[in-house]
Amino acid sequence: MDVIYVVLPLALLLGGGAVALFIRCVKTGQYDDLETPPLRVLADDLDEAPPARRAD
Amino acid sequence: MANETAQLDEVGAEEAAESVLCAHCRLLVPAGLVEPGATEQFCCHGCRAAYAVIHACGLEGYYRLMERMGDRATARDAEPSGDYAEFDDPAFAALYCRPATGNLRAVELVLEGMHCAACVWLLERLERVVPGVVSARVSLARRTVEVVYDPGAVRLSRIGGALATLGYRPHAARENAARAAQRLDERKQLVRLAVAGACAGNVMLMAFALYGGLFGGNLTPALEAGFRWLSLGTGLVCMAWPGRDLFRGAWNSVRYRTASIDAPIALAVLAGGVMGTVNTVLNRGEIYFDSLTMLIFLLLVGRYLGGRQQRAAADSVELLFSLTSGAASRVEADGAVRRVPLEVVRSGDVVEVLPGQSVPVDGVVVSGSSAVDQSLLTGESRPVRTATGDSVLAACVNLESPLRVRATATGRDTRAGRLMALVETAAQRRPGVVRFADSIARPFTLVVLAVAAVTAAAWWTVAGPARAVDNAVSLLIVTCPCALGVAAPLAVGVAIGRAARRGMLVKGGDVFERLARPGTILLDKTGTLTQGRMSVVRTFGDAWVLELASALERNATHPIARAIARDVPGSADPEAQGRQSDRGGIRGRVAGREVAVGNEAFIRSLNGSEPGAGVERFLAGCRAEGLSAVLVAVDGQPCAAVALGDAVRPEAAACVAALRSRGWEVGMLTGDEPAVAARVGAALGIEPSAIRAGVMPEEKARIVRGLGARGRVVMVGDGVNDAAALAEATVGIAVHGGAEASLSAADVYLAREGLKPVVELLEAGPRVLGTVRRIFVVSTSYNVLAGALAVAGVIHPIVAAILMPISSLSVISVALRSRTFGAGSPGTGGERWT
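Taken in order, these protein sequences are the chains called A and B. Counted from 1, the first sequence has number 3 at position 3 by our numbering; the numbering is strictly sequential. Whatever position you read off the second sequence (first residue = 1), add 1000 for our numbering.
The set of hints was computed from the structure by calculation and includes no laboratory data. Each residue gets a CB set at the ideal place from its N, CA and C atoms; glycine is no exception. Don't take each hint at face value.
Computed spacing ranges between beta-carbons, pair by pair [claimed, not checked]:
id, chain 1, residue 1, chain 2, residue 2, range
1, B, Ser1391, A, Asp44, 32 to 40 Å
2, A, Lys27, B, Ala1453, 43 to 51 Å
3, B, Asp1567, A, Lys27, 51 to 59 Å
4, A, Ala18, B, Glu1124, 45 to 53 Å
5, A, Lys27, B, Gly1152, 50 to 58 Å
6, A, Arg40, B, Val1434, 41 to 49 Å
7, B, Val1777, A, Lys27, 54 to 62 Å
8, B, Val1794, A, Arg40, 26 to 34 Å
9, B, Val1434, A, Ala18, 39 to 47 Å
10, B, His1796, A, Ile23, 31 to 39 Å
11, B, Arg1179, A, Leu21, 52 to 60 Å
12, B, Ala1312, A, Ala18, 47 to 55 Å
13, B, Glu1343, A, Arg40, 30 to 38 Å
14, A, Ile23, B, Val1384, 19 to 27 Å
Only some residues are given here: those of chain B computed to face chain A with a beta carbon under 7 Å [unchecked claim]:
id, residue
15, Ala1031
16, Trp1121
17, Leu1140
18, Arg1187
19, Gln1189
20, Leu1190
21, Leu1193
22, Leu1232
23, Leu1236
24, Val1237
25, Gly1706
BS3-like, lysine-lysine: derived pairs with alpha carbons at most 27 Å apart [as the list claims (entries may be wrong)]:
id, chain 1, residue 1, chain 2, residue 2
26, B, Lys1188, B, Lys1507
27, B, Lys1188, A, Lys27
28, B, Lys1756, B, Lys1507
29, B, Lys1507, A, Lys27
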C-alpha cells in the first residue's frame, strides 16, 4: 500500500496540470466560440485546389 | 429570404418542368433570364459576380461543400452592395480597427448571410480573393469575421466590397464595452467551473477511500489521516477560489440587507468548511469536503448554463445592433458625396439621404423634396411632405427622392439622442424584482438557524457540547438550499433559450418573474398593433379601373404606389407606357388608356372632369377616419379611389382578446392622431377610455411611470418614441423591425413578426415562476428529510453525501423538463431568424 504515498500526490499533480492546461485554453479564447471549429473540420479536404490568382 | 420565396412564386409551376437553376444560389432562374446555350445560368447579377469571383480564385470547393451539406448559397438580393468608402475613413479605423503584429491591422466585421460550414470555409480563404488580407477568422456564433490585413497593400473598403460581392454584407461590429467585459467574465467563470470540477472529482475519489475504510476496509490510520489532509487542502482551494463569488454574494446580501439565496448556501458551506477543518486537525469526526466541493461545482454549473442562454440572447441583440447602419453620405466641399462613419459628421455638414435610408442627423433640408416617415420618432403613421427649408429629425426614413440635409445636431444632441438619454435615466431608476429564490432566503435562513439552535441545546443537555455542535453543524449542511440555488437559474436559462428559439430575445433573467402576475399592458399603435407601413384599406370603383391603376403603379418607389401595386390585383397586362411621376401622383398609358393615379390635388391639377358624388363621399369618409385617399382618373375622368392607411395586423384583435382573457388590462399609447387611434382601437376592441393618442415620447414615459407606481406595466413598442417608456415599464418589449433605440431600451426583443410572441411571453411568465416554485418544493422536501435525520442525530455523512447530489439532480430534471411555452409548434431547433 505504500506506493499510494507516491501515486496519490502524482495523480493530484497530473490533475492539476490538466486544469492548468485547460485554464490556458480558456484564457487564449479557445472556448469563446464552440460553433465554428467543428464546421472547419468538414472542409479540411477541399484545399487541394491550387491557390489561384486574384480576381478583380 | 423574402427574395427567395418571391422568386420561387414568380417562376411558378410552368418553369418547374425545365427547372433551370442558378449556378450560385441554386434557385430557379426566372424564364426571362435564361441564356440559351450557356452552361452556367444565373438568377441575378449578384450571383453571377459571386460565382465569377469564387471561380477565379480557385474556391469552387465552396459549391462542393454546399452540395455535400445539402445546403445552398444565400440568395443575393438586388440591393447594390455599395462602395464601403466609410471603411476607409480615419475615424472608422480609430473606432473599429486595432493594430496587429507588425504593420498589420485587424478589424472585426459583422456579416449578413453567413450560415454554414461552406460559408466559414469560403470566408477563411479571403486572402485568396483579396490580396493584402493576411488572415480571416470566422466566429459563426457571433456572426463575425476577424480580418487581419496589411493597410499598405489593401484598403478596407476593398475588403468590404469583396465580402459584399461574395454575398456577405459587412458591418462594423459595434460591440459595447459592457459586453466585452462580460466576455472576459465568461472566461473567468469557465476557469472557476474547471477548478471546482477538478477539486470535486478528486475529493470525491478520496472520500470513496475514506468511506471504504468506514465499512471495514483496511485503511491504516496514517493513510486515513493523509486522505483527510489532502481532502482538506483540495476542499479549501475549491472554497477559496471558485467558491469566492458565493461568499462575496452572501456578504453583500448581509451588508446591504438584501435577500439572496447565496446567504443560506454560504452559511452551510462555511459551517461545513470550519467543522471539516477542525475535525481534520483534531483527527476526529466527519469531514464534509466531498459534499461541499460537489455543491460548489453543481452551483457553478447551474449558473453557467443558465447564464449562457442569457448571453446568447444578448449576443443576438448586439448583432442586430451592428446591422443598423452607422454611416452617412456627407457632401464634401468639392461637391462629391462620400460615405463616412456617422461619428465624424459635425453640425453644419451637409448629408445626402437616399430614398429608403434613415436620416442620420437632425437638420434642415437644403435641397430636394420628398415624403418622410416619422413614425419611429413620433408614432405618426402618415408620411410627412418635406421640402427645402423644412426640418427633419434623425431616425426618420426618407421615402421618395434624395434629400440633402444640413445638420443642426448630431449624435447625442439629436432629438433621438436626447430620448436615449431619457432611456438611461429610466433604466437606472427602475427597481429590481426580488427573485422568488432570493425571497425565500431570509425566512429559510431564520428557520434553519432556529432549528439548529434548538438541536444544539437539546443535544447539549443529553450528550454534552461536542455532540451538540456536531449535530447542529450537520443540520446546517444538510438543509443547505443548494438544489434551489443550482436549479433556479437553470430553469430561467432554459426558458430564455426556448424563448430565443421562438424568436423572443430575453435580455434579463428576471423578466419572467416580472411577468408572473397580470397587470396593465400598453401597446404602441404604429408598427406594433399596425404593420407600420401603408396598405390598402378599401377601394371604390370598378375593378377594371383599379386594375389599370395597379398596373401603372407597378415598379414605382413611393410607399403608396407600392401598397397599391401589392394590395390591388393588377391586370396581367403589361407595362405602362410613357410613365411620368410627379409630386402627388403618377400618370401614363396602360392598355391604351390614359391613366392617372394620385392625391386629390394632383388629379384636379390635370384639369379633367370633376370627381363624381360617389368618389366625393368616399373621400369625405377617408378624411373622417384619418386615411389617405388616392384617386384614379381614366381618360381624364376620376372614377375610382383607394383608401390607404396603416393596416391593423391581422392577428392583433385575437391577441388583444387573449391578453384580456389572461387578466391583463389592455391599453393603447400612441403619438398618432386621435382619429387614427380611435379607428384602430375600435377594430381591436380596445375601449376608447384606454386609448391615449397624440402623446409625446416624454409623456409616454410619464404615463408608464405613473401606472408603474400602482402595479405591473408592460409596454410594447417599436419606435424611438417608445424607448423611454419601454425602459420605464416593468417589462419593455420591442417588436420586430423596431428602431435601434427601442432595441437597447427594451428587456425583450421580438425577432418574430407580429404580436403572438407577446402573448406567448406573458403566458410563459407564470409558468417559469411555477417551475421555480416546484423546484423549491422538491428541494425543500429533501432538506426536511435530511434535516429531521440530523436533528435526531442519526444522519451519517454518507447519507448527506448521497442525498445532496440526488436532490440536485432531481431538481435539475424538473428545471429541464418544465414547459415554458404552450404545446403548439415548438421552436425548430437551431433555426436562424436574422
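*Quick check: which numbered hints come out false for this structure?*
1, 4, 5, 7, 8, 11, 12, 14, 15, 19, 21, 22, 23, 24 and 25
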